[in-house]
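J.: As a plain string of letters, each chain reads:
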Amino acid sequence: MRKNNVILQTTTKVAFFIIFLFSIHIFFAGHFAPGGGFVGGLLTTGAIVLLLLAYDLETIQATLPFNFTIVIGIGLLLSFSTAAGSILFDVPFFTHAFGHFDLPLFGDTELHTAMLFDAGVYLVVVGAAITIIQSIGGDD
Amino acid sequence: MEFVWFIFLPAAAALLIPALFRRVTGIHTGWFVLAVPAVLFVYYSTFVPHIAGGGQSVSVFDWIPSLGISFTSYLDGLSLLFTLLITGIGTLVVLYSIFYLDRQKENLGNFYVYLLLFMTAMLGVVQSDNVISLYLFWELTSISSFLLIGYWYKRDGSRFGALKSMMITVGGGLMMLGGFVLLGTMGDTYSIRELIVRLPDYAGDPLFTLAAVLLLLGAFTKSAQFPFYIWLPDAMEAPTPVSAYLHSATMVKAGLYLVARFTPIFADSSVWIWLVSGIGLLTLMWGSFFAVKQTDLKGILAFSTVSQLGLIMSLLGAGAIAYHTDDKMFRIAMFAAIFHLVNHAVFKGSLFMVAGIIDHETGTRDIRKLGGLMSLMPISFSVAFIGGLSMAGLPPFGGFLSKELFLESMVNLKNFDLFSFDTWGVLFPVIAWIASVFTFVYSFYFVFNTFAGKRKADKLPKQPHEAPAGMLVSPVILAVGVIVIFFIPNVVGKWLVAPAVAAAQPQLYSSPAAAEVHVAAWHGFESVPLWLTVGVIVFGSVLFASIPKWRAVYALQPEKLSLNGLYNGIMSASERGMNKLSRSYMTGVIRTYLIYMFAFLSVMTIVILFAKGAFRLDMDSLSPITLFAVMNAIVAILGAGMVIMSKNRISAIIALGAVGYSVALFFVLFKAPDLALTQLVIETISVALFLLAFRHLPAMKTHGETKQNKVVNAVIAGSVGLAMTLVAISAHSNKLIDSISQFYKDTVHTEAGGGNIVNVILVDYRGFDTLFEIAVLSIAGIAVLGMIRLRLAGKGSDDEKK
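Chains as they are written, first to last, in the working numbering: chain U, 1 to 140; chain P, 1 to 802.
Don't read these hints as lab results, they were simulated from the structure.
All C-beta atoms in this analysis are idealised placements derived from N, C-alpha and C, irrespective of residue type, glycine included.
Errors might be hidden in some of the hints.
A few chain U residues facing chain P, derived, Cβ under 7 Å [said to hold, decoys possible]:
hint, residue
1, A33
2, L42
3, S79
4, F117
5, G137
So, partial list: chain P residues that the calculated Cβ filter (under 8 Å) puts toward chain U [to be verified]:
hint, residue
6, I740
7, L762
8, F768
9, A775
10, I788
Listed next, with one range per pair, are the computed distances between beta-carbon atoms [what the hints assert, rightly or not]:
hint, chain 1, residue 1, chain 2, residue 2, range
11, P, M631, U, K13, 52 to 58 Å
12, U, K13, P, L638, 57 to 63 Å
13, P, T750, U, L103, 18 to 24 Å
14, U, L103, P, E751, 43 to 49 Å
15, U, F101, P, E751, 42 to 48 Å
16, U, K13, P, G588, 42 to 48 Å
17, P, V589, U, F98, 49 to 55 Å
Start from the sequences and build out the full structure, keeping to the hints where you can.
T.: The structure is reproduced here in structure tokens:
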């Protein structure tokens, strides 16, 4: 914003990544522990809002050069196609699948199509929230 | 290949039209379109021998099997007859339209897309065995005919006529849907054939008559029966090929098809028989009388169509009587109905095309300006002469035969001693005869006032001459058909009419051969219809010769008291009423809307809660109230109080945040970590957002709040709070069924492979909910973006102006 706030800016640099990583963690943890795409997306949004408070809109747009309206679209498409994908396997719309896989680094891991759907939710939440924030913040 | 897909062939072809219309500019698009109905006609013709032999062909595509909804192509005599009319006359109409619509001036892409869509819709209506898909196609005919009638959408009349036809036919269609659903519920099936088979199970149902009436409303509106006929004359704003197609051969006949199709089900009902035969006869009388009033060629034809549809309708009603008596006489009625339907499609098609030719070559359709065209347009005159005399019911043309059958059926009606037909039935032949006289008059009026008499060359916008050969092909083919039918009626009867009759009255006939009626032009001198026809000719000629003397009768009816006046009145009254209503509550102030919404919500909740005796207070299963919870509640209440009291905005925002955080704390206290987490983040972000937007907000004003205002607000806020509290308490106290959470606990591992119920509910059990929610969120995000962009753009242009 208008004034340089060194303490806030320095803290934000660190805090942003902590919050962001936490949101990723929460997103993946969602299926078994509190969390999920919605909260994860909101947390990321929160981290970006923090950036916005510490710096200004231009800095953020330079740091995160995404078009967030496209992020919304990708998220929506991901969610919908996950739900619709079940039709290819001749099961009702929105039937999820899951199973256990032995992955090289992670060991026995449970994988869900629900996770893909949730990732779409995550993207939509981030995209929509940031779109709103950017348009309000950029309205000078 | 399953032939059910052929229904969709025209619609599929319609997809190609825009590309063809743009790319292939040298050739009239109609030539490509012509192939579609022609191919279909040839294809469906191959079914004729099989169907006439008593067979049926079925092809099914299951659409929503769990609800019993399917696309079915069920070809029996009735649907095949209509299919051949749709495709056969469709071919001729497309051919005619190639010469009628100018390649350079008209938007042919639109025209043919609509026409092909309409063709699919009509095929679907007549071939569907499933009433739900029948309804779907039925309304598609309304929509596509709306587009066709409004094809010249820059003309006020076209838009008015299109809207009128859609309002009336779609309205009737909705009634019909109600009838279908009633039938489907009573008979436990949506298949028409199944309904016929199961008739004894539900014929005594009290709702049976209601279903009959609702169904008839659909049929009457579509087939332009009294008093719904008013849309048909206005629909004449459509291009003439459309009129020839929709209003002679196809759409208006859908209602007749429906009545014929459902006759085996409803023939038992006296209401059905009276309505169908009575309204039909009334329409016949009304239409034929008012046809002479018209001055527009197509207007005359429109009213004549109305009257002819009434004629067929009354015959269908008389045909239903055959179920109540062994008297063979009544079996003729259904045969006459179908036979006249074929005749009408043929001669009316040719007449419409002639009207189009006259319009095209002279520039006017006003009969007062026309006259003496006989020598200039000999071929058109011959076609009009043949069609017109067939319409009047004169030999040697097809219409004569069916007209005789019609008169005979009407004379027979009084012999039927049920439903008080033995007393009132006498009226039928009388009205039918009078209507026939007027039919004679308007047929002659149409033909001879246009082609005979003195030529009024100075009144015509164009120098009249005979139409180009291509334009004459279709009407000439139809005119030849009119004569051919007269000479070989029994061939037509055997191959087309009798199978249709057998299909419309399956309980009466074992095979199409049993339904055949020997049609002869000459029944001997003791035949009653013959003398009735002689009477028609004598009185008709007298009336025709003296038209100028008695035409003043029509002026007696003021326009305001007509059905059109009624329609216009209803339309403008509803427009004004709705405007007034919406202006009364759309104040443009968001607070007003909130007051309405919350007042409604709280009042309805509280009233229903107590009216239904749903409120209960159960103290037993409550957990003890901890000190933390009390303190937290106090914080929340204080915060909420501060929001209201605070004089500047920033403290209000912060107080609102405090309320939100204390709610989050409640979630923590009651062990709902997911909710707490979400609430905390949401609260953080929304407060931050509020602060971001803060500098854009104007200084806080009191909005001119009066004491009264504040009292209203307080009352509403209090009642919403009260309602929510009561709901929460009774929801807790009334546990009619076990909580669903046990189900989630049991299945979350096995079904969804998850551990966190909340998240699994979001992404799996109620994934639909979430999917739509994120869709809403996306729309909201983009809407905010759009609004602010728009505002910025507006600002920019304002600056430019300065």
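J.: None of the hints should be skipped; say for each whether it holds.
T.: Tested hints:
A cut of 7 Å between beta carbons decides the hint on U:A33: the least distance to chain P is about 6 Å, and the hint holds. Evaluation of the U:L42 hint against chain P yields a held restraint, the C-beta minimum of about 4 Å falling below 7 Å. Restraint check, U:S79 versus chain P: the minimum CB separation of about 6 Å is within 7 Å; hint holds. Interface hint at U:F117: satisfied, since its Cβ lies 5 Å from the closest Cβ of chain P, which is below the 7 Å cut-off.
Residue-level restraint check for U:G137 holds (minimum Cβ-Cβ distance to chain P is 5 Å; threshold 7 Å). Interface restraint check: P:I740 against chain U, minimum CB-CB distance 19 Å, threshold 8 Å, status violated. Satisfaction of the interface hint for P:L762 is found here, the shortest Cβ-Cβ separation to chain U being roughly 6 Å, below the 8 Å cut-off. Hint on P:F768 holds. Least Cβ distance to chain U is approximately 6 Å, under the 8 Å limit.
Restraint check, P:A775 versus chain U: the minimum CB separation of about 6 Å is within 8 Å; hint holds. A distance limit of 8 Å between C-beta atoms decides the matter here; for P:I788 the minimum to chain U is near 4 Å, and the interface restraint holds. Taking the beta carbon of each, P:M631 and U:K13 are about 37 Å apart, not inside 52 to 58 Å as hinted. The hint said 57 to 63 Å for the Cβ distance between U:K13 and P:L638, and at roughly 37 Å that hint is violated.
Look at P:T750 against U:L103: about 23 Å separates their beta carbons, and that is inside 18 to 24 Å. Against the hinted window of 43 to 49 Å, the Cβ-Cβ separation of U:L103 and P:E751 comes to about 24 Å, which falls outside the hint. Distance hint check: the CB atoms of U:F101 and P:E751 are about 19 Å apart, inconsistent with the given range 42 to 48 Å. Judged by the Cβ atoms, the range 42 to 48 Å given for U:K13 and P:G588 holds: they are separated by roughly 46 Å.
For P:V589 and U:F98, the hinted distance range of 49 to 55 Å is satisfied, since their beta carbons lie about 51 Å from each other.
In this structure, the earlier hints numbered 6, 11, 12, 14, 15 are contradicted, and the remaining ones agree with it.
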